[in-house]
Amino acid sequence: MKRTPTWRRTAVAAVLPLALTGLAACGGEESAEDTSSASAQLEEQGDEDGEEAGGLEAGDPVPDDDFVALMAASFEDATTARTTMTSETAGTTISAEGVVDYTGKTPAMRMTMESAELGDEPIEMILVDNVMYMQVPDLGGKYLSMDLDEPGNPLGPMMTDSMDPSKQAEMMRAGLESVTFVGEEDVDGESLEHYSATLDPSAALEGMQGMEGVPKSMMPEQMQSDTWFDDDGRVRRMVIDMGELGSTEMSMDDWGADVDIEAPPAGQVTTMDDMMGSMSQMS
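Numbering (mature numbering (1 follows the signal peptide of the UniProt record, and there is no 0)) for the sequence shown: -24 to -1, 1 to 259.
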């Protein structure tokens, strides 16, 4: 039986959970100066809209636009963080940990992923200047580079849309069906505010490049996105339940941490064209 190359299976397995996590971690276009708690920001939003502002209670509904603005505020002034992620998608379980940096023109990320379905060795993924580098065993330790801005890259449009703040805001608004303030909860000894959103994934992803040809039958009817905010209004934990398609859980801690995210040395990088040329010479 012909074995699908590890790099290809890794890329496909990683993209969907990252894209859907990006859907929850959207940014915004307006600057957010408030660093108060999430519920306090919603109360202030109520004042601006001329609505009565009272303390949110567990079970209270939250207007869709207010929640989108809340998510935008969380990431607008974001700097760096350490993150962990566990994803179960299409029969593949991936656990990952690493760091992210939102201070540049485009987000930067360095993560180490492990998956029994994708092999025994860990896989490193680096994202710098919208170029994704993946180091997998099939490449003899080299990094396969994929320019997400390059025309014809099948992964590029999906990944860039998932990291475009304005695009994410549009997608979230399009897919949101309801949002509820669940209440304050103790998470690992810290009091966090929990919000639960129900989305129509087909509606949310309808405008995402690269997803146009995906049949709606392949998507769950609903997607549950639970988000926990800390006292400074920053996202600390997200859990995305995609029904039979799988689930993704991500935590973000140590905001403002010193991180080091750089592209691999040129001598350790190969491209798809290089790979195809080497295969042609061998044949």
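Simulated from the structure, these hints should not be mistaken for lab results.
Careful: at least some of the hints might be erroneous.
Said to hold, decoys possible - No farther apart than 16 Å at their CA atoms in a straight line, the calculated lysine to aspartate or glutamate pairs in the EDC-like style are these:
id	residue 1	residue 2
1	K81	E52
2	K81	D53
3	K118	E146
4	K81	D249
5	K118	E100
6	K81	D105
7	K118	E33
8	K81	D41
Claimed, not checked - With beta-carbon atoms standing in for the labels, derived distance ranges:
id	residue 1	residue 2	range
9	D123	V158	22 to 30 Å
10	R58	G117	21 to 29 Å
11	D40	A66	25 to 33 Å
12	E64	E238	39 to 47 Å
13	E166	A242	53 to 61 Å
Model, not experiment: these values are computed from the prediction.
All C-beta atoms in this analysis are idealised placements derived from N, C-alpha and C, irrespective of residue type, glycine included.
Status of each hint after checking the structure:
1. K81 / E52: Distance ~12 Å between K81 and E52 Cα, so the pair holds.
2. K81 / D53: 13 Å, holds
3. K118 / E146: Outside the cut-off at roughly 37 Å; violated.
4. K81 / D249: The hint is violated at about 27 Å.
5. K118 / E100: 10 Å, holds
6. K81 / D105: Distance of about 8 Å is within 16 Å: holds.
7. K118 / E33: Given pair K118, E33 is violated - Cα atoms ~52 Å apart, limit 16 Å.
8. K81 / D41: Answer violated: K81 to D41 is near 25 Å, above 16 Å.
9. D123 / V158: 22 to 30 Å: 41 Å, violated
10. R58 / G117: 21 to 29 Å: Holds, at about 25 Å.
11. D40 / A66: 25 to 33 Å: Between D40 and A66, where Cβ atoms are some 29 Å apart, the hint holds.
12. E64 / E238: 39 to 47 Å: For E238 against E64, whose Cβ atoms are near 31 Å apart, the range 39 to 47 Å is violated.
13. E166 / A242: 53 to 61 Å: 43 Å Cβ-Cβ, so the 53 to 61 Å window is violated.
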